[in-house]
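Visitor: Sequence:
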Amino acid sequence: MSSEKLRTKPPYSNTKVPFEKTKAKLEKLLRSYGVKKVVWANNDNEEILLFEAFTKIKGVQRGITIQIKTPHIPLTKRQYGRLVHTENKNQEWRLVFHWVKSKIEAVMWGLSTIEREFLSEVSLKLPDGSVTTIGERIEEVYETIQSPSLEYHPTPNAKVIDVEVVER
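Just so we're aligned, residue 27 is where the sequence shown starts under this note's numbering, counting upward by one.
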């Protein structure tokens with residue numbers, strides 16, 4: 027699987043639910059699972075959802091800020107007899123809603139932990155004062171290193187058995 031966009035129709039493209047209603051439903055969902063702080067932000071035409079979740083790290087309860095940016099799903103539609111290129115905000119927020127819902131439910135029902143589910147979206151404040159996410163930092167690291175391939179590497183104590191096939 028690659029990071030290239032799929033050539034299939036994206037999910038929720040026909041949704042009639044306004045994005046404002048989806049955002050309100052998403053906030054209600056987060057609060058129903060104990061999230062106290064929810065912030066909606068706009069940065070350079072990017073819509074961002076931020077919320078604070080709590081987890082135990084080495085036995086100490088700590089708050090972590092999760093930062094989720096909506097995807098940009100292009101939409102071409104006819105408006106006043108002309109083709110207009112825009113985004114389907116209703117679809118983008120439905121996609122975010124269902125994605126967050128599935129991750130939160132996985133955490134609440136013991137399938138995973140909050141830090142595993144949202145690791146790449148965890149916000150970090152860097153020593154220079156700038157804010158980024160772990161996912162953005164990982165992308166920076168991958169620009170400078172090479173990921174190892176999945177070649178077979180035998181373990182030190184592995185036993186190799188030669189097999190001879192005899193046909194009768």
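A few of these clues could be false.
[What the hints assert, rightly or not] Lysine-lysine pairs mimicking DSS-like chemistry, simulated, CA-CA at most 27 Å apart:
| id | residue 1 | residue 2 |
| --- | --- | --- |
| 1 | K129 | K42 |
| 2 | K115 | K95 |
| 3 | K62 | K47 |
| 4 | K82 | K47 |
| 5 | K151 | K47 |
| 6 | K47 | K63 |
| 7 | K103 | K35 |
| 8 | K82 | K103 |
| 9 | K35 | K82 |
| 10 | K35 | K84 |
In short, the hints are calculated from the structure, not lab data.
Visitor: Now look at each hint and say whether the structure bears it out.
Guide: Here's how the hints hold up against the structure:
no., hint, verdict
1, K129 x K42, "holds, 24 Å"
2, K115 x K95, "holds, 12 Å"
3, K62 x K47, "holds, 19 Å"
4, K82 x K47, "violated, 33 Å"
5, K151 x K47, "violated, 31 Å"
6, K47 x K63, "holds, 19 Å"
7, K103 x K35, "holds, 15 Å"
8, K82 x K103, "violated, 48 Å"
9, K35 x K82, "violated, 40 Å"
10, K35 x K84, "violated, 44 Å"
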